[in-house]
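Colleague: If you're matching them up, the sequences are chains Y and L in order. With the first letter of the first sequence counted as 1, position 129 gets the number 129 in my numbering; the numbers rise by one all the way through. With the first letter of the second sequence counted as 1, position 34 gets the number 34 in my numbering; the numbers rise by one all the way through.
Hints are supplied without guarantee of correctness; some may be wrong.
Remember, identical chains collapse to one label, so a pair may be satisfied in a single copy or spanning two.
The list that follows gives simulated cross-link-like pairs (lysine-lysine, PhoX-like), each with its CA atoms no further than 25 Å apart [said to hold, decoys possible]:
1. K139 with K186
2. K186 with K162
3. K165 with K139
4. K165 with K186
5. K162 with K139
6. K165 with K97
No lab work stands behind these hints, which were simulated from the structure alone. Since this is a predicted model, take the numbers as computed values, not measurements.
2 protein chains.
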Amino acid sequence: MKKQASSGKRSAGATRPKPEPGYHHGELQETLIAASEAILAEQGAEGFTLREAARRAGVSPAAPSHHFGNAQGLLTEVAIRGYDALAEALRAAASGKQGARDKLHAQGLAYVDFALRHPGRFQMMFANKRLVADDARLKQASRAAGHAFETVVSELVAGTAKEAKTAAAAAWSTVHGFAKLALEEKFGSVRNESGRREVMMTLDQVLNYLWPASAARR
Amino acid sequence: MKKQASSGKRSAGATRPKPEPGYHHGELQETLIAASEAILAEQGAEGFTLREAARRAGVSPAAPSHHFGNAQGLLTEVAIRGYDALAEALRAAASGKQGARDKLHAQGLAYVDFALRHPGRFQMMFANKRLVADDARLKQASRAAGHAFETVVSELVAGTAKEAKTAAAAAWSTVHGFAKLALEEKFGSVRNESGRREVMMTLDQVLNYLWPASAARR
DNA sequence: TATCTATCTTAACACTGTTCAGATTGAGCG
DNA sequence: CGCTCAATCTGAACAGTGTTAAGATAGATA
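Can you make the complete structure from the sequences, with help from the hints?
Modeller: Okay, here's the thing in structure tokens:
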């Protein structure tokens, strides 16, 4: 019942507009992923429900199971794309600067900016209990994002591999912790653009404190 | 509802073993909080349900509402106690050392140690959406815990108040991010004691990298 | 054209948090 | 001592949730 008037007739299809009729949706996986990301963007990680995603995709609550197994499977796919987007943002930020220290600084800003602009997606990416934590592709995507830090940091420390790993862990921990605390409003409101800008300025100072611009340290 | 105090203390009797019969439980609030903490310890933050807490306390699912309003109210109380315990752990760690830098280092270790030993409680403390985020006592407890960092850091930087705040934000972000990432197994397994010990050694190196022991920086 | 098989629906189950009318009971007051 | 009363808790209901099994549908294949 109630097929929500979804462009049933594909008669004079000039450019193959939308093939989403009754039984065989055709692109249900992508549609469900997009719906999930929309929910995360609108309502945050806690607002996601599998049934709501199915509702937005125009299918029954049982439909997703055939493609993703369960809710964790769907969210895992969403998280993978999130990690890909994050890695891309980090890469772009670093490529805009010269010098290891400035690259790292820009990456730190980009990391938190990503978290503040896509809070639901970001929180879900790190909500292991809601994902298939041992999924190979997820682990790969997560490692790729973390790797973006290591490559830049390795230029910076110029020491042993272990030192580079320590420095990368330090950088990741700092920006991740700042992002998490900021999202919990520990540094002030972050809902509007002006609040976010102020928080980002605090982050800038934090990064300057931990990785000073000049060679001299405090 | 929400009439605290009372503390139905029936005096007399030398020993009062179990006053938890039928209708008037007598200590339901404390019992519910303890049950909730037990669930968090056993099953993590995602494993908590209000009904399970009521079940363990031996009351109906509707009973908690008379004391805490709703699940958020109960969890807020749990979070407050968590912040109190965390603040106490930070204070104890700092008091065992001398010198601002060593105090800060010890506090960082204590922070992550707390998170790794009480993962469910820790995650819940920072799950704003599941708490009454604007509860006055909660905000106060959270600020008190954060203040433990500021007091120690202010000795370290010896600059303006703004610089101290920046340094405190840096320290908190780093240890919080490390704790979060560690709990998501980004630094290796953390389920058994040996895994935790290894992760704590990584943290030790991270802290040494960001706040070196000697005056000379890298 | 007939069959096969992936895809999706329907219906059900066991949960969840929350609400509300009513049962119970300890405590204070006459 | 007995009564009333307000606080406390129960029982039942409601609207949700994720997941599963059995059946309907339709695109692809032979």
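Colleague: Hint by hint, note whether the structure agrees.
Modeller: Comparing the hints with the structure gives:
1. K139 with K186: between (29 Å within a copy, 10 Å between copies)
2. K186 with K162: Answer is between; shortest inter-copy Cα gap is 16 Å, intra-copy 33 Å.
3. K165 with K139: within (18 Å within a copy, 36 Å between copies)
4. K165 with K186: between (28 Å within a copy, 13 Å between copies)
5. K162 with K139: within (21 Å within a copy, 39 Å between copies)
6. K165 with K97: within (22 Å within a copy, 28 Å between copies)
The structure agrees with every numbered hint stated previously.
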